[in-house]
Amino acid sequence: MTDFEFYLKRSTLLLEIIAFALSISNYKKEKTSSNVILVLYLLIIIAIELLQLIPIIGWKYNNSSIGMFINNTFSIFFLKSNIWLASIYSIVSFYIYLSYYRMLFKIGAFRKIMNFFIVIYSIFVFLSLINYPNLLKSWLGPHMYAGVLLTLGAIFLYLGTILKSDEILRFYKTLPFWITVGILFFNLVTMPIFIFAEQLNFTASVYVYILVISNYVMYGCFITGFIVNAKNQKAIK
Numbered sequence: 001m002t003d004f005e006f007y008l009k010r011s012t013l014l015l016e017i018i019a020f021a022l023s024i025s026n027y028k029k030e031k032t033s034s035n036v037i038l039v040l041y042l043l044i045i046i047a048i049e050l051l052q053l054i055p056i057i058g059w060k061y062n063n064s065s066i067g068m069f070i071n072n073t074f075s076i077f078f079l080k081s082n083i084w085l086a087s088i089y090s091i092v093s094f095y096i097y098l099s100y101y102r103m104l105f106k107i108g109a110f111r112k113i114m115n116f117f118i119v120i121y122s123i124f125v126f127l128s129l130i131n132y133p134n135l136l137k138s139w140l141g142p143h144m145y146a147g148v149l150l151t152l153g154a155i156f157l158y159l160g161t162i163l164k165s166d167e168i169l170r171f172y173k174t175l176p177f178w179i180t181v182g183i184l185f186f187n188l189v190t191m192p193i194f195i196f197a198e199q200l201n202f203t204a205s206v207y208v209y210i211l212v213i214s215n216y217v218m219y220g221c222f223i224t225g226f227i228v229n230a231k232n233q234k235a236i237k
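Start counting the sequence shown at 1; every next residue gets the next number (this note's numbering).
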């Protein structure tokens, strides 16, 4: 990875922080369970991003005093790899996605479907956890495949209910619309690439650019949604 790619990948942290700040502001104006989930999700992402920086800085600047301090102090936690952090994120993120859409559904029948999705996903998480050594090498465990499919199922189910309601006329002006677009874009673009990595035979640089662009689009959608929702709340008052 070149220095440009290194700093480009880290640049997404700024968007995450902006989105997190806006999510807190959004929650203060509209205290709903679904908005709490968004605040929690962005907080977890930022925490994991910052933790991932620790070994990266140690490896990149291993000859400097700070690099040697990091390597000597934190090597026991990272074991020369931070894949386990990505594994934690991959497990938690889909729980948050599924919980978010469960909270958006107002009809009990749809909430029961989401409860079923969460139970199914939990089974696959259990399968990943009993093979935990694999999670230290790759975050593409059984839970990942189940999480992608169940999240897409939840999104399409939610969009189906919107299409059948009067909300479709103003849906693009709502926060759930922008959150959905962001999550949908990120998963549809990145997951097939990661899952079929060996067959596609991409270089490391291609992964970096695809991941960065996907993150920019997703968090850009989140930020847009928070701004649009803030304007809507102001107009209501």
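What the hints contain is simulated information worked out from the structure, not anything from laboratory work.
Source: prediction; values computed, not measured.
Note that the Cβ used here is the ideal one computed from N, Cα and C, for glycine as well.
Possibly wrong hints are sitting among the right ones.
Unchecked claim - Below are the DSS-like pairs computed for lysine-lysine, each with C-alpha atoms no more than 25 Å apart in a straight line:
#, residue 1, residue 2
1, Lys173, Lys106
2, Lys231, Lys173
3, Lys28, Lys164
4, Lys9, Lys106
5, Lys173, Lys31
6, Lys106, Lys164
7, Lys29, Lys106
8, Lys106, Lys31
9, Lys28, Lys231
10, Lys173, Lys29
11, Lys164, Lys112
12, Lys31, Lys231
13, Lys28, Lys106
14, Lys29, Lys231
15, Lys112, Lys31
Claimed, not checked - Derived CB-CB ranges, DEER-like:
#, residue 1, residue 2, range
16, Gly160, Tyr132, 30 to 38 Å
17, Lys112, Leu53, 36 to 44 Å
18, Gln233, Leu163, 20 to 28 Å
19, Glu30, Lys112, 32 to 40 Å
20, Lys231, Asn131, 22 to 30 Å
21, Ser33, Arg170, 32 to 40 Å
22, Ile83, Thr174, 35 to 43 Å
23, Tyr7, Leu169, 37 to 45 Å
24, Tyr7, Lys29, 32 to 40 Å
Evaluation of the provided hints:
| no. | hint | verdict |
| --- | --- | --- |
| 1 | Lys173 to Lys106 | holds, 19 Å |
| 2 | Lys231 to Lys173 | holds, 10 Å |
| 3 | Lys28 to Lys164 | violated, 30 Å |
| 4 | Lys9 to Lys106 | violated, 38 Å |
| 5 | Lys173 to Lys31 | holds, 18 Å |
| 6 | Lys106 to Lys164 | holds, 14 Å |
| 7 | Lys29 to Lys106 | holds, 21 Å |
| 8 | Lys106 to Lys31 | holds, 16 Å |
| 9 | Lys28 to Lys231 | holds, 14 Å |
| 10 | Lys173 to Lys29 | holds, 16 Å |
| 11 | Lys164 to Lys112 | holds, 19 Å |
| 12 | Lys31 to Lys231 | holds, 16 Å |
| 13 | Lys28 to Lys106 | holds, 22 Å |
| 14 | Lys29 to Lys231 | holds, 11 Å |
| 15 | Lys112 to Lys31 | holds, 23 Å |
| 16 | Gly160 to Tyr132: 30 to 38 Å | holds, 37 Å |
| 17 | Lys112 to Leu53: 36 to 44 Å | holds, 41 Å |
| 18 | Gln233 to Leu163: 20 to 28 Å | holds, 25 Å |
| 19 | Glu30 to Lys112: 32 to 40 Å | violated, 26 Å |
| 20 | Lys231 to Asn131: 22 to 30 Å | violated, 47 Å |
| 21 | Ser33 to Arg170: 32 to 40 Å | violated, 22 Å |
| 22 | Ile83 to Thr174: 35 to 43 Å | holds, 36 Å |
| 23 | Tyr7 to Leu169: 37 to 45 Å | holds, 43 Å |
| 24 | Tyr7 to Lys29: 32 to 40 Å | holds, 34 Å |
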